[in-house]
Amino acid sequence: MKKLKLPFFLAFLATLTTMAQEITGTVYDDQNIPLPGVSILLKGTTTGTITDFDGKYTIEADSGDILVFSYVGFNTQEKTVDGPLLNVTLQAGLELENVVVVGSRNANRTATDTPVPVDVLDVTELVQSAPQVSVTEILNYAAPSFSSNPQSISDGTDHIAPASLRGLGPDQVLVLINGKRRHKTGLVNVNGTFGRGSVGTDMTTIPSNSISRIEILRDGAAAQYGSDAIAGVINIVLKKSVNELQVDLTTGANFTSEHGPDKSVDGEKVNLGLNYGLPIGEDGGYINFTGNFNYRGSTNRMQEWEGTIFNAYNSIERVASNDNYDISLLLDDDLDDIFQYAGSAGITLNGDETKEELQGILSADATDSELSARGLQRSDFNMQVGQSEIRGAQFFANLSIPLGENLELYSFGGLSFKTGTAAGFYRLPNQSRTYTPAYLNGFLPEINSNISDQSVAFGIKGMLGDWNVDFSNSYGRNEFLYRITNSNNASLANSTPFEADSGGFNYSENTTNFDMSQFFDDILAGLNIAFGAEYRVENYAIVAGEEVSYAQYNTLGNVHDPTDPDSMVPTDFFDSSRPGGIQVFPGFKPDNEVDAFRNAIAGYFDVEADFTESILVSGAVRYENFSDFGGTLNFKLASRIKASENFNIRGGLQTGFRAPSLHQIHYSSTSTLFVDGIPNEVGIFSNTSRVARLLGIETLKEETSFGGTVGFTARVPSANLKITLDGYLVNIDDRVILTGQFDDNGNAELANLFQQANATQAAFFANSVDTQTKGIDLVIDHKATLSDEISLTNTLAFTFSETTVEEVKVPEAIANAGLSDTYFDPTSRIYLESAVPTTKGNLSHNLKVGDHWNFFLRNGYFGEVEEATNNDDPTIDTTFGGKVITDLTVGYNFSSNLRLTVGANNLLDVYPDENDPAFRSDGRFIYSRRSVQFGTNGRHVFGRLTFKIR
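Under our numbering, read the sequence shown as residues 786 to 1735, first letter to last.
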């Protein structure tokens, strides 16, 4: 028995050495900088992990097991476990898992190797280090070519901020998720903001903690991706990580010197994000879930209303109300109650004045005395001038199921729900639209939005012989509904409701794609061929509000019928008619309802050839046909010349197009006025209306573009520098605009046309403007290892752009009436040319010290903008100078699974230049509400806790 002890003991030791052990290490890039977010997989299993903020990892593996290290932009490496410590250095090279970089259908193409400029943003890192949380906020500060800022007092646009590339329209950039087209919103921007008349994509419906990276193609790509890709393409790549739960809790608020009188701290933000992935099968399948819950508090930068508030009639109302008198009776023709309370209100009357005489007397301003008598201040009549309040929740999932060695079933999609609250103009007691028996001191009406967004994509991809085949279908729908609260329909007098549903709109699209590609490594130095087809169905609908939201009622409480001589509209004491509809956002009428469809079919061919190791040429051609306006053919030609190992020259030419959106074709918001008993329409008429044809507004057609880019990329290995510089030019013809609202201006010809159309005032969507945009994009990346414990990454990125209106096309009848400057006014020109910064950039620094500390500093420059106004008085200052916004964060890793980050956006509490007095609107707008540089929130201080469970 004793003889067996030694062999048994040795066998036991051998067993221990082959049991799974904890392997640790650090992953570095080729500049010896630790890499966070590297994927590490135990080969042949679904066991895996990712590196932490400092490139460190821990995984259990047996001696002799193989670990696979992969990361975006670096060559994948396999390492054999031979001990408890395994450090790895990844070399710059191909993309992780051959992920296609947007702008190329060659699966072997990297971002720095493309013939056109592509930015790749590591969202995983930005979400940890930067102050911003939502996708649009992150891009606005990290990508200079991207612009998006919260708007104020602009109805629905308060809740979905317009976003753009290179200063072009929000509808001239295409958004993809995992390479598939993302649907637009149901909202068309019709108010006074940048992007007026356009339809964009709401990227806030996509939680940032579901995103691995964002690729921005800064070049036209309609020949590759179809409509909308005139300014460029934004491709959002979702996470695939498994076996890890990551929780991010961020909270903060604005601590600013310019807060409103009601709150010293505002703009509170709370964001809770959870991301978790599960492996599926043993061949790399996964499902990754993301849940996100967020709250954004409102802000107000108005200090004090400077205009009139009360008149002498309001003084009588106050005295009568204090006496418990029904002040609605003051409105009738019996003047005894007016005489009864006038003396107590400090108004001297003889008692024999007529109503006409009283109207003159009681219209006198009594603001100061009434404020004192009512114990109120001017600031009690402030509007809410700032960002709206928003509550939201999003859920996203990303799925891949391998069905064999060369076949994969995939799907992704999400749900988003968002409710917002914004306010309009304060309805003052001395205005006829305020029914003072219901609101003695007037009221601030609120616009409440209910926005829902659903999307799902599914497909199957694999190999058919030597060809890569991808067959997919994606569906998306966005709905935007309005509910108005704290308001009134003044024409209903005592019967007025205080809230109403004003209707809304929704938009959906379903896109089916079939794509094939093959890379031939034995032709030239490499040849990639791709072709495919697309079929898309779109639907846009306007939903009417409830009757009380849009109708004007008579004194009997019935809907007013101007053809009935007995139907009388209620008036205030001064005989001004009470307007109908719910105040701030009258509802859509049944006449405005629409349910429009269209379809489009497209085919493309794409080739990318490496003639030598140094010369790459790519080309694409795409034909697309729409059921409502016809077909369009577009091409793209680009090249990259590798002048040396570290220097590339690149450039391209392309044509492009943007199909007019269904919103722009079919949107209408009109009301009816009766002139001599004859109904006349006023408002925004649909482009398909008879009114449009009579006034010479042509059927909407596609916008067309011709553009080019030229630039270079350079590496300076000795200095750890990467430099890209690209110049671009984009000419766009027949841009769709929303015209100004015009009447006949006394012109007989135009008056005759209006008469035929039964209209008196009109605005339309029309192809009316040609523009030119040119600029330069510069990006410089620098990495440095200062010591074994300290590494520094620096990035300088700037864009310089200029958009000019080259030609305005006005219908002959409108031009002859002298209405060209109304049809396309100076304000509309400024929205296109200079309402957002044309020069924008940032200089960021990320310093890592040891295993625990991380310091992030970014200075962002937001260039000069111009006030969007028709006022051309040369003595008025209409420009707002450029400003630098500083972000600073400090992060501390308690362990590889727990991190705390604190910091501030706009650390120095910088604000835009104040408005010229001509634009302050009696104190409402200290800062411009039409031309927004970076918002008016001031300093935002935040804290973020991140923890992981593996």
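Watch out, some of these pointers could steer you wrong.
[Unchecked claim] Simulated crosslink set (BS3-like; lysine-lysine; CA at most 27 Å straight-line):
id, residue 1, residue 2
1, K965, K1048
2, K1559, K1594
3, K828, K1733
4, K864, K1025
5, K1486, K1594
6, K841, K1025
7, K1559, K1733
8, K1486, K1507
9, K1054, K1733
10, K1568, K1507
[Unchecked claim] Between beta-carbon pairs, the in silico distance windows are:
id, residue 1, residue 2, range
11, L1161, P1702, 22 to 32 Å
12, T1664, F1491, 28 to 38 Å
13, T1664, A1310, 47 to 57 Å
14, D1376, D1137, 21 to 31 Å
15, E1597, D1376, 27 to 37 Å
16, M1301, D1573, 47 to 57 Å
17, G1066, L1249, 16 to 26 Å
It is worth saying that the hints were derived from the structure and are not from the lab. We treat Cβ as the ideally placed atom computed from N, Cα and C, and that holds for glycine.
Evaluation of the provided hints:
no.: 1; hint: K965 - K1048; result: 44 Å, violated
no.: 2; hint: K1559 - K1594; result: 22 Å, holds
no.: 3; hint: K828 - K1733; result: 23 Å, holds
no.: 4; hint: K864 - K1025; result: 22 Å, holds
no.: 5; hint: K1486 - K1594; result: 14 Å, holds
no.: 6; hint: K841 - K1025; result: 19 Å, holds
no.: 7; hint: K1559 - K1733; result: 45 Å, violated
no.: 8; hint: K1486 - K1507; result: 43 Å, violated
no.: 9; hint: K1054 - K1733; result: 22 Å, holds
no.: 10; hint: K1568 - K1507; result: 9 Å, holds
no.: 11; hint: L1161 - P1702: 22 to 32 Å; result: 25 Å, holds
no.: 12; hint: T1664 - F1491: 28 to 38 Å; result: 31 Å, holds
no.: 13; hint: T1664 - A1310: 47 to 57 Å; result: 52 Å, holds
no.: 14; hint: D1376 - D1137: 21 to 31 Å; result: 49 Å, violated
no.: 15; hint: E1597 - D1376: 27 to 37 Å; result: 29 Å, holds
no.: 16; hint: M1301 - D1573: 47 to 57 Å; result: 50 Å, holds
no.: 17; hint: G1066 - L1249: 16 to 26 Å; result: 22 Å, holds
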